[in-house]
Amino acid sequence: MDVKRTLFLVEVAIFASFAIVLDLIPFLSFKIWPQGGSVSLAMIPIFLVAFRWGTKGGLLAGLLYGLLQLIIEPHIRHWLQAILEYGVAFAGLGLAGLFAKQARKAISAENSRAFIRNVIMGVLLGCSVRYLAHILAGVVFFKEYAPEGIPVWWYSITYNGTYMLPSFIICTVAVWLLFSRQPRLIKI
Amino acid sequence: MNKLILGRFFPGESILHQMDPRAKLLAGVYFILVLFVANNWQSYGLLWIFTLVVMYLSGVKFSVYIRGVRPLIWLILFTVTLQILFTSGGKIYLDVGPITVSNFGIISGIYIFCRFVMIIFISTVVTLTTKPIDLTDGINALLKPLKRLKIPVDEISLMLSISLRFIPNLLDETQKVMDAQRARGTEFGEGNLLRQMKTLVPIFLPLFASSLNRAEDMANGMETRGYQSGEKRSTFRQLAWKRKDTLCIGTMIILTFGLIVLRTGGFIH
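So the sequence lines, in the order shown, correspond to chains A and B. Everything in the first sequence is counted per this note's numbering, starting at 2 for the first residue and increasing by one. Everything in the second sequence is counted per this note's numbering, starting at 50 for the first residue and increasing by one.
Everything labelled a hint here was simulated from the structure, so no lab data went into it.
Here are the simulated DSBU-like pairs of lysine-lysine, each with C-alpha atoms no more than 35 Å apart in a straight line:
id, chain 1, residue 1, chain 2, residue 2
1, A, Lys57, B, Lys199
2, B, Lys193, A, Lys188
3, A, Lys106, B, Lys199
4, B, Lys225, A, Lys5
5, A, Lys106, A, Lys57
6, B, Lys196, B, Lys180
7, A, Lys5, B, Lys180
8, B, Lys281, B, Lys291
Turn these sequences into a full structure, and let the hints guide you.
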């Protein structure tokens, strides 16, 4: 059991740095907005950990990824925004792990339909939580800075949606492709 | 790829470089909070003096700081423009439909601009003068109280340092795999989305597989050297709280008093 625990710590850490690496390599991500909110592939390793180790692994990997970003290149505008965008948003991705057990079962039963369903549900849940955190952060930020009468909610929902939707699609396809080509990856 | 500097640490010997990461982190976070106390030109002036002195003390060229602002400049200008166009009150210079340019709007636009830039400058000072690994130690020390809530602070910071240590290796490896695939004729970033995604699979799979192997080796290595999760660990680098650090905290307290005295409306707005 203890050996597994150390392995768990190291693996989660290495996958979090993987996420950062995917952010750093220009070829592998395309940015659509001048500031933040890139459609990058960084979420993929986080989802892989979530499906391998379950919710706990996913949450930890997400949190680590957020902390690493904060150390490497912080974009802080407001303290609450920082907590939401670097803490809650990425840790929230890990909730995909709630579907890990079913996904693993489906893959050993070679039931690809159930497997895809669980992957989509997991990635959707993770992305939704992240989306929600970004929306809230946007509102917090604009409540502080935008004058009265600007529809902050609407603005935040559309702005964040422009990159979250493509990210969701990309991640779902990638996670599904990777695990179906190499089912070994999901088993610990 | 070697040109890529991880983090923004700038080697130096300044007083800020020598300070304890805990003090810098605390002061940085506190500054971002206390910034919101300022509400008139006198208090903003005091904040600017503080920020500029700190930047000067870091011994890093001013242009490096300006580079930190650049990626955010559109967001800043957008927010400032919104503020100027949609705030009314005071002397009105222009009034077309919902758009009003008033002196209230212009003043709050300027304040918001200052707030933005100062937050960026101060957080840049912290990352420029502190090695990522020291930041990790500092974060670990500051998060210690969370242990009472059963949050595994030690393990998180251990993972943080493992991650930081592996980023350069993984970057190298990713480059190698990408080059290998290029040599086989793969073109990245071409074709429709699905095709682009498919070119990623032959990059991702070997990388994931080798990461998993690496993790296993490392975990075994740690186990054989006696690592036990949850046990108390000693560290090679010890953080030492010096007089400079107390001085830094003292300066923050003085800054707070200065702001409270200078702001309009006194302590309670």
